[in-house]
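If you read the sequences in order, they're chains B and G.
Residues 1 to 330 in my numbering are what the first sequence spells out, letter by letter.
Residues 1001 to 1300 in my numbering are what the second sequence spells out, letter by letter.
Rather than coming from a laboratory, the hints here were simulated on the basis of the structure.
By construction, the Cβ of each residue, glycine as well, lies at the ideal position given by its N, Cα and C atoms.
Among these hints, one or two may not hold up.
[As the list claims (entries may be wrong)] Away from chain G, derived, C-beta distances all over 12 Å, residues of chain B:
{"no.": "1", "residue": "Ala29"}
{"no.": "2", "residue": "Leu173"}
{"no.": "3", "residue": "His208"}
[Claimed, not checked] Sample of chain B residues at the chain G side, in silico, Cβ under 8 Å:
{"no.": "4", "residue": "Lys125"}
{"no.": "5", "residue": "Val133"}
{"no.": "6", "residue": "Val165"}
{"no.": "7", "residue": "Ile259"}
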Amino acid sequence: MSKSSASIETMPGSASGNHARGWLAASGADYLLAAVLFALPFLIGGSWTFALGICFANSIGVLAVSVLVRYGGEVSIGHSFFAAVGAYAVAILDTRYGLSLVASLPLALVLGTVCGVAFAWPSRKLSGIYLAVSTMALALAVPELINNADWLTGGYEGLYVSQSVIPGVEASLQRYYAGLLALIAVVYGLRRLRHSRQGLTLLLAKQHPAAADAFGTRQVWARIAVMGISGGIGGVCGAILAFAGSTVSPSSFTFWTSIFLLVGSVVSFYGLSLTRALVGGAFLTLVPQFLSASGAWIPVLYGLALLGMILIGHYLPRIRSFLFASKGGA
Amino acid sequence: MSDGLGNILLDLFPLMWSGMITGCLYALGALGLVMIFKSSQVVNFSHGNVAGFAAFLIYGFSSGVLLNLSWGVAVLLAMIAVVAIAFLIYAVISPLVFESELTATISTLGFGLIAQGATLLIFGADIVNLDLPIPRFSMSFLGLFITGYDLTVLAVAVVTIGTLFFVVDYTKLGIAFRAISENPFAAEVCGLNLRSIHLFSWIVAAILGVVGALLIVPTTFLSVTTVAAFMLQAFAAAVIGGFASLPGSLVGGILIGILMNLFTFYVSAEFTSTFLLVLILLALNVFPNGILARAGGSRV
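So that you can see chain G by itself, here it is in the shape it has in the complex (with noise of 0.2 Å):
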């Protein structure tokens, strides 16, 4: 009996740590959502897609079938394609935003479906390999195998998120991105250009986008639809976390990965996309308003 139990922790505890992981990736695409949610009201159904189409740019940049550059030059002309392309989307559907957010959540799917549709143009259909330079190493440490690449996700994660964070807290960006969050109307009167923010919070999101992408490609392989299938996760984890709170969407992209890797190890690997709609449906009937909404009712 006692051994049963000793047997499912030692299982528990690597699933939970690989969870972590993962989750950590789902976080930072969720944390991309949920910011362009929480200043414009616009679900990004493209963000997926746009962030495949970046990391297919740095494998076309790196490997030769674009361009012959080092890893981090490629890295850097992405991540200016991906700003200009957030740039050019919100100029387009900005005039939108401002009449229905529901209209301009479904341009979006426009945006995705081009997005997809240069990539097949330019990269075809084919499956290509994009690895991280990081250093081979691995350590056993308390029954957990970690891996150097473990803790490249982990400290990439950290000081994105731990930036994000700082700039929204203390910043004067993100003391507007959160006036405007809260009303815009008030924080228009105040004389902010809520543009401008939002712009800010799609070029970050798309950047949070293909940080999230690149590394989660080292543990599959990219295809057209790799990343996009992985934004779907930080979908449910922006949902889970109530989709307005950048904090819910860490701790709803850590609880996906882990109960996503619990899922697949415990009960079956084939239904998980089942298991994320039960999932999604359940946090929005349970938390509607997040995982880490206050409990309802007012203070007197």
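The following block holds chain B by itself, in its conformation from the complex (with noise of 0.2 Å):
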């Protein structure tokens, strides 16, 4: 297994030699693209506002399987888990408490981070595909789980999540600032896991376990502590999805919502900086508009998307290589 986490890592940009440099670009082109979305909603209409709304949410989401490959290796099909347990989180405190996103977010925070340990606890001896199955199986366990809890969850028809953050504001603009400061909020948290010690130690124990071992961290401390952050920033993706859509319900939370995310970290290479986040978030946002009016052609776009740029992660080393040893070569 460790072989094809090693490979994984092997995808374009983590391939740049030029480190510093490219990390300065990746962040100077993050700060561009914020400032440009924080004055987006006074220049364009509605209902592209609303999309992009959702756009942020499922950039979060893209993050969320993203740090599970980059920092753990490991790919899950399962996140529609932990995106469905922070939108409950803030349906659930809407509607029966009265409360809004600034006390349900924390909490969809902490709930997403237990429910990713407490997942992480029964498969800490798994790795690659084994636990690509056992995620699969735990979303594939979670439409029925909120069916069935319908005195909680509301059952099919969901829930409405309609207390706003700062009255009087008008509602799409707070949708989309809400999500957009969540977007950026966890990409800041990232960077600062990058240098931090114990983001170190978490890549230490995943390129290198053996050394990682003899300077004291417990591979299992590591997936536990992997998967307690992407749940938890898979929490704060379903939050923002309920407050972005203002609707919760189980069909947004299916095992293809989780299938959707890994297309999405593939399409963004699984970075984890703002503009690749957002390149993965758009595409599951955005195709499904362009191709609203035949839905057939969803599942057939997004395969090949996925396909697409596997392959060129997997070729463009190659190509580039070729090409700079013709050049060297003339």
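Starting from two chains that each stand alone, build the complex the way the hints lay out.
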């Protein structure tokens, strides 16, 4: 399994040799993009503002999957579970107690993290495809659990999210900016993690398990920590999804949701920057919008995109080295 | 007291029988997954969707939606189509297989999505009926109600699985397959062509998937998700068998069939996926190498 996790890391982007400069350029693009996004609602129509709000939520979900790949070397097709936990935390606090996102977002984060840890514990010794299959089983159980807890979750019909964060401000703007701020916060947190002691420890535990062992990092701890972080981000994704979409229902958290999040993560080349996350999120949000007339094309297109990106990731280094080799020869 | 016990036994027996019948079908699906995993270390997430597409093709070829052929010819055509699809999938992912199994596994999800989309595009989201041309027949035996369908499933499963095990155990191809799953490097050094053996397992798996899909559909109906949902039980069966053992997946399939039946009847019909999740997690932790794996420790 170590072989497979190592080669995921050799996707373009992470393989760039000039790391420091690449990072600065990436963060520059991020700042620019963030500035544009802050101004955007004043330039575009309401339906686009709404779609972008959902897009931010999906971007956060894509980040949750990418974190697991980057820091744990594992692939999850069960992140709809964590998103569902976050979304229902928001919706239930909203409808039952009249609490807004200010109170429920932290709860979603905590619950997502707890669920991540709770799932990581029984699966702590699994890796690679075994973990993937158990996350698949997790995703499959979600709609059923939601539907059967209808006294809490509203069953098939779902729940509405209506409390506003700042009373008086237009709802569409609130939905947009809540998503944007949460996305930026997650990206910022992940950037800090990359340079923190804990983040480096996790990377070490992934890349060189034996070395990490020697430094006193237990594999089980690393796995549980990564799943906790990933689950927490998944919870935030769900919370924003619920708030931006103003409704939650079991049909938004099926096995396919999980697969789509993975598709988004692959499409963004498992990137953790704002730009990459938005590429993944936009792919998940905007493609269905453009194809709303012919829904059956969506899975085909997603499948092709998934394959295309994987094959590009596979062949690009080869093509690049071939080009450079021929240039050097001439 | 004894009356209650008798009633339980009276329920238990038919439940286990019908569980075993569906379990044979789960085993057919699981065997395909395990064949592919054993040879190429890839989990084929497109298995259910491709098999479902094939079931729709059979429906399309025999009902007049696409063509108006007899059932047998339709099955044959669908088999050919499925072998072609398996060939295509393997051709695309084979460069990935040798680099990273996990990446190849993710790319099979892509093929699953495409197969599902293709089914939707060609046949729509409607529910259709696809029956087997089997004689209507039923009999009672020791309190069991046995139908022609049960016997057909049993016969087909025994013949298919028997043939598979014979091929794997006694033919040259089977020996090559086992050699590659034991040690791909050594097998390649000995002159075996890894790709052709991989392809063999992909094609066999696709055919097993179609057989399983054909036999499971009469119990429900055919929709875009039926066969994919059925394959999830096959996944659980493969996991319980350890994902790398053909006999293990057979036992796992039958076990899943019986356990699911008992769970649905005695506990709840609404939490079956949750039950599967618990089963999978339990199996992976208690029997990480499958239920048929020998106890650890080395012989001196």
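Minimum Cβ separation between alanine 29 (chain B) and chain G greater than 12 Å? 26 Å, holds
Status of the isoleucine 259 (chain B) interface restraint (C-beta, 8 Å, chain G): Hint on isoleucine 259 (chain B): holds, closest Cβ of chain G at ~6 Å, below 8 Å.
Chain G contact restraint for lysine 125 (chain B) - C-beta distance below 8 Å: 7 Å, holds
Please verify that the nearest CB of chain G lies beyond 12 Å from leucine 173 (chain B)'s CB. 35 Å, holds
Does valine 133 (chain B) pass the interface hint, meaning its C-beta sits closer than 8 Å to a C-beta of chain G? 6 Å, holds
Holds or violated: valine 165 (chain B) as interface residue toward chain G, Cβ cutoff 8 Å? Check failed: Cβ of valine 165 (chain B) comes no nearer than 34 Å to chain G, outside 8 Å.
With 12 Å as the threshold, tell me whether histidine 208 (chain B) passes as away from chain G on beta-carbon distances. It holds; histidine 208 (chain B) is separated from chain G by about 18 Å at its closest Cβ, greater than 12 Å.
The structure shown violates just one earlier hint, number 6.
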